[in-house]
Amino acid sequence: MTSPPPVGDAHPYLRAATAGLRHHTRSLTASPRPADRVHLNTLHAHLTALHQLLDRLAETSRPPHPATGRHLAAAHTRLWQATAAVHDAFHTLPPARDAAEQDCHPERLPEGPPVLTICQRHLTGSHAVRRKTTPADLNSPLHGHTTHCAS
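With my numbering applied, the sequence shown covers 13 to 163.
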């Protein structure tokens, strides 16, 4: 019989992803360059994966702990709003015109050009969101947030 892992080691991949984001944020503060499409594409991929994680946590938490499930569902909706905003920001940026990128042929990549990759990822996520969320919920501002006390 094996013992459960210590609390600190319960989610090593999630902790590693968080550490990676912290490191990236610290290293980014020294750079005066604005965000580019590659950066927003990577951020969108991270937000989409986090959105899927919140979806699973909300589904498993809802039956035994309804208030927790509602809070996670609200976070799920707000995170999708952030993901949609990053997707929109990606499309407002002009395509990069670097010499290195002109030598690259993204149409030869098996997953397609990056502009299609982010759209495919966003479209897949939006189908999942529409099954569980109403348009009114997606368009509502955060000011309607309420706290649910456990009774």
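Honestly, the hints are just simulated from the structure, not real lab data. Just so you know, even glycine gets a beta-carbon here, dropped at the ideal spot from N, CA and C. There's no promise every hint is true.
Per label pair, the in silico range of CB-to-CB distance [said to hold, decoys possible]:
(1) 69 <-> 146: 17 to 23 Å
(2) 77 <-> 43: 38 to 44 Å
(3) 79 <-> 108: 26 to 32 Å
(4) 142 <-> 43: 33 to 39 Å
Okay, the hints, checked on the actual structure:
1. Under the hint 17 to 23 Å, the C-beta atoms of residue 69 and residue 146, about 21 Å apart, fit the expected range.
2. As the Cβ distance of residue 77 to residue 43 is approximately 42 Å, the hint placing it in 38 to 44 Å holds.
3. At roughly 46 Å, the beta-carbon separation of residue 79 and residue 108 lies outside the given 26 to 32 Å, and the hint is violated.
4. At about 37 Å, the beta-carbon gap between residue 142 and residue 43 stays in the expected band of 33 to 39 Å.
Going through the hint list in order, the structure does not satisfy hint 3, though it satisfies all others.
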